[in-house]
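K.L.:
Since the structure of chain A is already known, use the hints to place chain B on it.
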Amino acid sequence: MSKTLRPKVLIVGGGPGGYVAAIRAGQLGLETVLVEAEKPGGTCLIKGCIPSKAIIHAAGLFEEMTRASGEAGHLGISLETAPKVDLAGTMRWKDGVVDKLTGGVAALLRRAHVTVLHGWATFADAKSCTVETADGAVKIEPEHVVLATGSVPVELPFLPFGGTILSSTEALSLTDLPKTLAVVGAGYIGLELGIAFAKLGVRVALVEAAERILPLYDEALTRPVADWLHRHDVEMHLQAKALGLSARGLDIETALNDRFTIPAEKILVTVGRRPRTEGWGLENMAIEMEGAFIKVDERCATSTTNVWAIGDVTGEPMLAHRASAQGEMVAEIIAGRRRRFDPAAIPAICFTEPEIVSVGIDKPGEDHVVGQFPFMANGRALSMDAGDAGTFVRTIAEKNSGRIVGIQGVGRHISELAGEFVTLVEMGATLEDVAGIIHAHPTLGEAVHESALKALGHAIHI
Amino acid sequence: MGRYLFRLPDIGEGVTEAEIVAWHVKAGDRIREDDNLADVMTDKATVEMTSPVDGTVTAVHGDVGAMLAVGAVLVELEVEGEGNAAENAAPSAKAETAPLPDKGGAGGEASPFPVEAGPPAAAPTPGPSLEREGNKKAAPKVDIPIGRKDAFAAPATRRRAHELGIPLQFVPGTGPGGRILPSDLDNFIAAGGLSRAPGGLAPRTGGEDIKIVGLRRRIAEKMQEAKRRIPHISYVEEVDVTQLEALRAEMNARPVEGQPRLTLLPFLIRAMVRALPDFPQINARFDDDAGVLHTSEGVHVGIATQTPAGLMVPVVRHAEAMSLSELAREIARLSEAARDGTAKREELSGSTITMTSLGPLGGIATTPVINHPEVAIIGPNKIVEKPVVQGQFVSVRKVMNISSSFDHRIVDGYDAALFIQALKRLIEHPALIFMGDGA
Chain A
961 MSKTLRPKVL IVGGGPGGYV AAIRAGQLGL ETVLVEAEKP GGTCLIKGCI PSKAIIHAAG
1021 LFEEMTRASG EAGHLGISLE TAPKVDLAGT MRWKDGVVDK LTGGVAALLR RAHVTVLHGW
1081 ATFADAKSCT VETADGAVKI EPEHVVLATG SVPVELPFLP FGGTILSSTE ALSLTDLPKT
1141 LAVVGAGYIG LELGIAFAKL GVRVALVEAA ERILPLYDEA LTRPVADWLH RHDVEMHLQA
1201 KALGLSARGL DIETALNDRF TIPAEKILVT VGRRPRTEGW GLENMAIEME GAFIKVDERC
1261 ATSTTNVWAI GDVTGEPMLA HRASAQGEMV AEIIAGRRRR FDPAAIPAIC FTEPEIVSVG
1321 IDKPGEDHVV GQFPFMANGR ALSMDAGDAG TFVRTIAEKN SGRIVGIQGV GRHISELAGE
1381 FVTLVEMGAT LEDVAGIIHA HPTLGEAVHE SALKALGHAI HI
Chain B
76 MGRYLFRLPD IGEGVTEAEI VAWHVKAGDR IREDDNLADV MTDKATVEMT SPVDGTVTAV
136 HGDVGAMLAV GAVLVELEVE GEGNAAENAA PSAKAETAPL PDKGGAGGEA SPFPVEAGPP
196 AAAPTPGPSL EREGNKKAAP KVDIPIGRKD AFAAPATRRR AHELGIPLQF VPGTGPGGRI
256 LPSDLDNFIA AGGLSRAPGG LAPRTGGEDI KIVGLRRRIA EKMQEAKRRI PHISYVEEVD
316 VTQLEALRAE MNARPVEGQP RLTLLPFLIR AMVRALPDFP QINARFDDDA GVLHTSEGVH
376 VGIATQTPAG LMVPVVRHAE AMSLSELARE IARLSEAARD GTAKREELSG STITMTSLGP
436 LGGIATTPVI NHPEVAIIGP NKIVEKPVVQ GQFVSVRKVM NISSSFDHRI VDGYDAALFI
496 QALKRLIEHP ALIFMGDGA
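Line by line, the protein sequences are chains A and B. Going by my numbering, the first sequence opens with residue 961, and the numbers climb by one from there. Going by my numbering, the second sequence opens with residue 76, and the numbers climb by one from there.
Bound-form chain A, shown alone (with noise of 0.2 Å):
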């Protein structure tokens, strides 16, 4: 027996996207529908953001209790012996982390009143669906269809996932360690998860087809991290293409079309994303695409009137902020208010070593003023051994009104301070304001202060 659901909204993929709008639209009273065939959190939580960051913090962990471990020590520490590390086991707490988060985003689904359907779902036409769950055929005909499908590795035709060549999903997965490992594509997940590899005492090697690392993000915040890879034997490839599997690793090209074999145990593919407009009958909803993507307008209505879409399936920036924001306005525009997605800007963190903010204008033009005050020169930064050269804030403002359109930094845990660098951004702010603003010391945030005194150009410290 089929039973048929005529939910005022039905949600499609349970990701920061689908749960957030999920939890928003049930909030404000809407009747809620929600289906995701896996665990609530999506891609974020179970295999991308959560689980990287946890493997990232733990390999951090066990390099520094490396290099104390080392003939000389670390900061006057040193072990007798060096450390081990049981991946099974990192991955074991790893997966706490998850479930903890998963189990949370469960409870305030069930607190918002949302129906969570655990299945997958086919769309026959755009307003009505067929959920295949455990307890049988669930149809749903919502009034208001959100696609949060989110997104899926890129695979290469010549490095098919499976086996020893692997997406990121799999690399947050591994319970031993390789004694090497290639990755093919520098972009930030390659590094993130590459740098985390290395530490972990893995012997990395990049292959990157441009001509240098993250070559979406201006060049001076990247030297850091390639200053990092060098110093720590990691090798790099660039302007190079992996060329398929071979008995012993992965066969590359060169630029010099030099062709040679990189020893690798494991291959780690990450060469983007794409969206997930596959498999649950999009094709069956007559809804136009831009590219690869499900066209939106500014308020992710899609080309059917009361069909949404959110989150990776719609586009760059690929990111799960972005998605929350879309889904939260979504929820709202649906339960009648108005709304529209208008952000100054989106920030994008590399949590590469050192970690990588960039919050809206990083190319400064002929009419911007530009402050940069490096770590080297902030007291907080050197007491945590946090200091290294070429690491910085750099904040862009408009030189007739001083308002802050950009500021990136490059750093060891400033990650933390991207929250700082949009609000500036999205406030308004001007250098002005940021000048008159008391940031307590020690602390990294002084780094900011002191680039738009930079950008004044009355800066103290440098």
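Derived by calculation from the structure, the hints in this document are not laboratory data.
To give an idea of the interface, some chain A residues facing chain B are shown, with a C-beta separation under 10 Å as derived from the structure: (1) Asp1302; (2) Pro1303; (3) Ala1304; (4) Glu1358; (5) Ser1361; (6) Gly1362; (7) Arg1363; (8) Glu1386; (9) Gly1388; (10) Thr1390; (11) Glu1392.
Ideal placement from N, C-alpha and C gives every residue a C-beta, glycine not left out.
P.N.:
Below, chain B without anything else, positioned relative to chain A:
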């Protein structure tokens, strides 16, 4: 003397051209800063182009109805200046490439608009929208708010503007760097804001939170109590007051010694006093908690009185024992005391029935709220002259409605109607009011 070229600024959100809909200046006009030069209309709104400087108009470009590209010269001005500025104003790259109509490479001062926000290549003059030529005075600090493609305001302000349908690029920003503050949005709306948009009516978005305290709170509680406890039944009847009004006019025309000017109210109270003995359950207080109705032989009439602080109900005690003059004086005294706040506590309580009249504002009918714990309230409406059919004739009569409400738990509709009909009879034949009074 220097020359200004006022160019059509980027009005934002992809607008590349605008139609001139009205000229407010012509060549030769002396104008002052902020004077309206012209109105231009885009597909989004009509916008006033105001002058950033004092000066004399030397030329205007384009007739009403003409489409003008963003960046094109709208008005040429001659302004007070102190010589030539070209030597110390470093021409920007953009200014050099801008095909200026008179002479190239003039001193392009910093544009008040971000250069990236300039018009697309189709626009003829992708230069700064406002330049000062031949004038070395420092560029005036002009912050024409329009022309920003991106809203320069905090997220909450942007959201509110969007909800109100206000395109923020039309809102002048007074914050640092021209930031649009919440108060700027308020001021924009207060100033009529969007009324300049074609066909647009400006929404009013003000409002304040007023703490309900003091007398207003007492009134609120009392009204709530009355409406919550008492199932009201209202009844309205039309009464011919021609005779009563004639009597009143006569008495006021020839007042006896010491008699104050008589309003209708003392007469109505006398009529009520006369009718009430037949309806003891109407002149009463109902203690509904105890389930006891306290009827009263004495008629203590509450007089609903508008005071500066709000509604008060001073009480005329033993109205049955007062003559018209005494009633008139007592009502005047109590109203005065209520209005100036000197009414005593006992003068504001103890009524057994209430009279509420708005006089000339009385309307044609009201549904008065009973003064709990009483069970009846009488509300005469205004007197109007009406054609009334009497037999075969239509004559002009003075007619007044009497509205009334009763506590339906105590007073049946039938009895309520009988009481009002009794009042009607007394009022229409005022002699009956005074018969048998022993007066």
